[in-house]
Amino acid sequence: MTRYVVPPALSSMPNGTQAYVRWAVAPNIRLRESAASSWECTVLSRDEIWDRKQDTLVIRPIEVPLGLFVTEIRRGRSRVLEGPNVSEVRRATRLKFRDIGARSQKALLPDIFVKLSHVAQVRQVMGPLHTALSTIRMRGELDPEALANRRREREKWKVYLKFLKNEAYVREGGVGFVAGSAFESILRTEGGPQAIPLALGQLLYDNYAYMTEVFGWRMMVPYLRWTSAYYWRALEAESLPSLDWDAWSSTYGLLYGKQTHGSPISQAQSLLEVGILHEDGRRFVGTRDVFKPYQERATKDPVLTRVLSPGAGPSLGRG
Amino acid sequence: MTSRRVPGVTTPKGSLRPKEVAEKMVFQATPWDCERTQVFNVLAELLRRSPGENPASPRDLVFSCFNGAVPTPVGGKAGWFAKLAQRVGPRFEAVVSKPEGTARWANVTDALSEEAASFPVIAVSSGYWAEVDTRPKELGDQEHCLALLSADKVSAVVFDCYLNRICSMGHCELPLGRSIAPGDAAVEVPLQRLFKYWEGTSPPRFYFYVRRLGYRLKSLAEFEEAKVAR
Chain P
1 MTRYVVPPAL
11 SSMPNGTQAY
21 VRWAVAPNIR
31 LRESAASSWE
41 CTVLSRDEIW
51 DRKQDTLVIR
61 PIEVPLGLFV
71 TEIRRGRSRV
81 LEGPNVSEVR
91 RATRLKFRDI
101 GARSQKALLP
111 DIFVKLSHVA
121 QVRQVMGPLH
131 TALSTIRMRG
141 ELDPEALANR
151 RREREKWKVY
161 LKFLKNEAYV
171 REGGVGFVAG
181 SAFESILRTE
191 GGPQAIPLAL
201 GQLLYDNYAY
211 MTEVFGWRMM
221 VPYLRWTSAY
231 YWRALEAESL
241 PSLDWDAWSS
251 TYGLLYGKQT
261 HGSPISQAQS
271 LLEVGILHED
281 GRRFVGTRDV
291 FKPYQERATK
301 DPVLTRVLSP
311 GAGPSLGRG
Chain S
320 MTSRRVPGVT
330 TPKGSLRPKE
340 VAEKMVFQAT
350 PWDCERTQVF
360 NVLAELLRRS
370 PGENPASPRD
380 LVFSCFNGAV
390 PTPVGGKAGW
400 FAKLAQRVGP
410 RFEAVVSKPE
420 GTARWANVTD
430 ALSEEAASFP
440 VIAVSSGYWA
450 EVDTRPKELG
460 DQEHCLALLS
470 ADKVSAVVFD
480 CYLNRICSMG
490 HCELPLGRSI
500 APGDAAVEVP
510 LQRLFKYWEG
520 TSPPRFYFYV
530 RRLGYRLKSL
540 AEFEEAKVAR
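These protein sequence lines map, in sequence, to chains P and S. Mapping the first sequence onto the numbering used here, position 134 (from 1) lands on 134, and the numbers just tick up by one. Mapping the second sequence onto the numbering used here, position 159 (from 1) lands on 478, and the numbers just tick up by one.
If we strip away everything but chain P, and leave its shape as in the complex, we get (with noise of 0.2 Å):
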């Protein structure tokens, strides 16, 4: 069975011009009105996901928004003055997927974060922010000069403290630290050692560009790329498909490009030994408790909502 997603019928630009673009840059260019003489283009491309299991093929149209072409009438014939080329579509496309596979990724954080803490990679990653937590849980308080002997750590004390100072986790009172206004809530909404992961994946979810770039903390990346990977198929499916291998591979490089960090096998199975997916035979499944906040999320950030569903909102300048 085939499904396919339709998308609205768009506006275009005059036929000679518009026959025009298509021919110079991109034959699957769309072109709408934005203002007088200027052309809002779009590339749209759609996607195929073939549900294994329930032998099902759904036909998704994305639409990915690249710039403007400024056009003008003279004599009765429209001509285009500025607008991007082969290349800076191809590029701009390219671009735009990373972007997707970036706000996917954040989309997703907040719902997988106690399970990927799981992973043993992360868990060790996170170290330092897990001992700072868990100390001012268990004891009230936390005093810095115990954490650490030696000079250089107590430097890297000192910046994972301010960190967390910063986001309000931590505040200077009793030997050193006690916990501070966001970490109170979410100890009163959950006293036990749950409040733990869930700080940590609030944490995450609100710095994890921050972290991975400035900390270094790069080791969980690609097990939220793949995460990302399967459920950005299922959202494009609004359900969740039975992928094999090639189908989730294929997306990861489509998103994030080529896998270059550690083995991609031994991180999905990573995912799969924590129920972040299911294994169904040799297919790969999402589980609903991931998908459904994921999407609900997903849909309110303006980019991805506009990828899936062509025609919305304009782009900003800068004051």
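For the record, the hints were derived by calculation from the structure and aren't laboratory data. Among these hints, one or two may not hold up.
Derived DSSO-like pairs (lysine-lysine); straight-line CA-CA distance at most 27 Å [said to hold, decoys possible]:
1) S:K515 to P:K292
2) S:K515 to P:K165
3) P:K162 to S:K472
4) P:K106 to S:K472
5) S:K515 to P:K106
6) S:K515 to P:K258
7) P:K300 to S:K515
8) S:K472 to S:K338
9) S:K472 to P:K158
10) S:K472 to P:K156
Dock chain S against the given chain P, drawing on the hints supplied.
Leaving out everything else, chain S in the frame of chain P:
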């Protein structure tokens, strides 16, 4: 990018304190002028830092602009920054753009530590206005440009060229209507929040800086003269 020592550099960038750098910068004249103002600020600072005796070659500067090359409503494939470069000065050799996914914070901090480069200018999303306790109505949800003067792992100091106007609207501690000096506009922002604003722009992670290619530069006076002549 590796740091290169260039002959003629009298004051290494690393020894400058953010407030001292900010003191010589200028505020923007109108609400929509942050990009041009910051280009002028960082370029002028670069030229001030390296007064040379040798005449400058037309090919001695690279205007490096990252993630800004995606066609924008302002300028199609030439982009807004090429027009900006034309307005600011005559000697720009090239515009370098980098794919969105590969612009990292490390690239910005490299530019910050390189002597031959100007201070980097980063774009921030409208969330930044919360840092200065206001969201100017005249700008709405517009993005903004900040010159990054220093950064460590948890905090950064930026020069906000719009802060004088914000203060004149009564949003800072100064009495209403009193303007502030540029030196006071060096604002310390927690890095994790600045990072979020930097990521939240469209396109995300936009930044630019100007870099010398190894020649000595003309003095600032000569630069301004050339600008007026143009």
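### Task
Compare the structure with the hints numbered earlier in the document and write down the numbers of the violated ones, lowest to highest.
When the structure is compared with the hints, none of them turns out to be violated.
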